[in-house]
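Q: With chain R fixed as given, assemble chain Y onto it according to the hints.
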Amino acid sequence: MKKRKASFLISALLITLCVAPFLYIFVHTFFDQGHFTLHGYYQVFLAQTQYLARFWRSLGLCLIIALGQLLVSLLAGYGFAKCTFPGKNTIFFLLMLLMVMPLQVTLVPNYLMLDELRLIGTDHALIWPMVFVPLGTFIMTQAYRSVSNSIVEAALLDGCGTLGVILRIAAPMNKSGLVCTALLSFLDGWNMVEQPIIFLKDFDQYPLSVGLASTPPGEPILQLVCFVLVVLPPVFLFSYFKTELVEGIAMGGEK
Amino acid sequence: MKRSVLCIFSLVLYLLLACTMLSAKIEEEMMPQVEAKTLKYKGTTLSFSPDVLFHDEQGDHFYHAANGSGWESGLRIREFMPAQYYYDIFEQIAFTGTPQTYHFIMSASRQPVEGEKVHIVEEFEAVEDVHLYCYSGALPEDLWMPQHTSIIGQSSHALLVRNTRAQLPFFQHTAKTLSIAASQADHAYSLTEISSFIQSLPPVTLIWICLLAGFLLLLLFWTHRSASPGKLTYIIAAAFFLISAAILLSRIDLPASLLPTENIFDLAHYISTFGLILHALEQCGENFAALALQHSIHQCLLVGVGGLLLGVTFIMLTRRFLCRR
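Sequence order for the protein chains is R and Y.
Quick note: the first sequence uses our numbering, first residue 1, plus one each step.
Quick note: the second sequence uses our numbering, first residue 256, plus one each step.
Among the clues, some could well be false.
[As the list claims (entries may be wrong)] The calculated DSBU-like cross-link candidates involving lysine-lysine, where the alpha carbons are at most 35 angstroms apart (straight line), are:
| # | chain 1 | residue 1 | chain 2 | residue 2 |
| --- | --- | --- | --- | --- |
| 1 | R | Lys175 | Y | Lys486 |
| 2 | Y | Lys292 | R | Lys201 |
| 3 | R | Lys201 | Y | Lys297 |
| 4 | R | Lys5 | R | Lys242 |
| 5 | R | Lys242 | Y | Lys486 |
| 6 | R | Lys88 | R | Lys5 |
| 7 | R | Lys201 | Y | Lys295 |
| 8 | R | Lys201 | Y | Lys372 |
| 9 | Y | Lys257 | R | Lys5 |
| 10 | Y | Lys257 | R | Lys242 |
| 11 | R | Lys175 | Y | Lys257 |
| 12 | R | Lys82 | Y | Lys257 |
[Unchecked claim] Which stretches of chain Y does chain R cover? Using the computed rule of at least three CB atoms under 8 angstroms from a CB of chain R, they are:
| # | region |
| --- | --- |
| 13 | 259 to 265 |
| 14 | 277 to 284 |
| 15 | 325 to 332 |
In short, the hints are calculated from the structure, not lab data.
Keep in mind that this is a model prediction, so the values were computed, not measured.
Don't be surprised by glycine CBs; every beta carbon is placed ideally from N, CA and C.
Looking at chain R on its own, in the form it has when it is part of the complex (with noise of 0.2 angstroms):
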């Protein structure tokens, strides 16, 4: 009994402090200089247009990157998980060493790849490098080996050829995994501060991510306010898919 009221209230008290810091955001939102008003909500959603534009420009490339990063790892997993080729994994062992480097050893070498395709300063700057990130193959690689190689022995001696067996048996049998990728890489792309900081020229293409961070520093109230904005799709997806994403990265962890 006493072990329960304990971790009922270590836990009440970690939830506290990771729920606090939205809250106290949230009500400052409505308040200004201890005054109540919604000025901020009017500002960065009925006076101007720039907040929610850069809003909708970012969430359009967060769900390129997503689709992109689906595609990619869908096909890369089962490769990996499925298929062999020389050297495989040599590749894969360098897949995840690529994956546990900080981003900013590879922004170098991505900047002058993007500079030599004449990239920089587009969108695409953006979308490539994001969509070859290679946790998505890595989850769908963990995901695909759970598919028993009989069935896909059985689905190939009937007949269907590899994408088939992709696409039809390996990736609906494997939806967590699917939903994990897309949602983390989402999330990866919605929180992005230095590659547009670093791959574009213009401040009106940046994303809502990095243009928060110079929101005006006489209204901290609107500051405030695109925190709101900023953390919609985030709470939407998790809140919708946090089922498939625990299991999806259960799944990575098991193996």
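A: Relative to the frame of chain R, chain Y by itself:
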């Protein structure tokens, strides 16, 4: 749980789409319009008529439009430092600044505010208009007006002047430079713009009804227990109302001279402004604005009640249809 999350966030998405449309229109309408003179300043003194100065409680101001950066990008109003201009011996405004190209603000639809985004009007529409000048005190003794104008009504605190060489959009600053009597007025309004504003009220009401209807239909979609595919009519209807609101918004044109400076929903500003205008017009013997406003309010109520009845009928028919299935 997933259904309720999807319900809440689809409503939030609808609101964000509606806010995006509204914010684009509000930003466009609230942007003050200015008349600017673009000159490349090379270092010698430039002369301007004293009319370029804007007067308020803080004193005289001389403005230019310059491109901002970051969140303040676009053409914005910037004030010249007092040391950059002075009155010369010919009582003209003499300007000395750093050599560069300037967009000097000659006139504006309302009092400019430092840092505000502006739209430079290139061409004006020449019209015959009636201007209303309101005075907090008594009328000036000298009511001389230029030849192309004539006083058609006056009271103890207001003056109605017909101007055959007026221009649209109406610039309060330009109207006040008509004569000494006009410059002493506290406020100046254009009757054409007042009529235009009043006539915009029913379409504005219709826009709000469309947006509200779309929101309610989306809510009904999620709350209706039937699993029939006919429920999609709610989504289609909500999308239809959202698109209709967008089309109606593109047709609205609210005169910037009558709008508040900070918040377009500042009802206190509208009540005080139109109270002043209607009172002044009544005193001058003109009641057309009051009649037009009354007519407009009746139209708004008609639109509101009609929309409500149509909405209820639509929902009842759809529910009967879905229940049968």
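Q: With the threshold set at 35 angstroms, check whether the alpha-carbon distance from Lys88(R) to Lys5(R) stays at or below it.
A: violated, 52 angstroms
Q: Do the alpha carbons of Lys242(R) and Lys486(Y) lie within 35 angstroms of each other, as the hint requires?
A: Distance of about 28 angstroms is within 35 angstroms: holds.
Q: Would you mind confirming whether the straight-line C-alpha gap from Lys201(R) to Lys295(Y) stays at or under 35 angstroms?
A: holds, 28 angstroms
Q: Within 35 angstroms, alpha carbon to alpha carbon, are Lys201(R) and Lys372(Y)?
A: holds, 23 angstroms
Q: For a C-alpha distance cap of 35 angstroms, please report whether Lys257(Y) and Lys5(R) respect it.
A: Holds - the C-alpha atoms of Lys5(R) and Lys257(Y) are around 31 angstroms apart, at most 35 angstroms.
Q: Given the hint that Lys5(R) pairs with Lys242(R), test it: the Cα-Cα distance must not exceed 35 angstroms.
A: holds, 27 angstroms
Q: Take the C-alpha atoms of Lys175(R) and Lys486(Y), compute the straight-line distance between them, and say whether it is at most 35 angstroms.
A: holds, 28 angstroms
Q: Check the hint pairing Lys201(R) with Lys297(Y) against an upper bound of 35 angstroms on the C-alpha distance.
A: Holds, at roughly 31 angstroms.
Q: For the region 259 to 265 of chain Y, do three or more residues have a beta carbon lying closer than 8 angstroms to a beta carbon of chain R?
A: Satisfied; 3 residues make the cut.
Q: For the region 277 to 284 of chain Y, do three or more residues have a beta carbon lying closer than 8 angstroms to a beta carbon of chain R?
A: holds (count 5)
Q: Could you grab the alpha-carbon distance between Lys175(R) and Lys257(Y) and see if it respects the 35 angstroms cut-off?
A: Status holds; Cα separation ~16 angstroms.
Q: Taking 8 angstroms as the Cβ threshold, is the statement that the region 325 to 332 of chain Y is covered by chain R upheld or broken by the three-residue rule?
A: holds (count 4)
When held up to the earlier numbered hints, the structure conflicts with hint 6 and nothing else.
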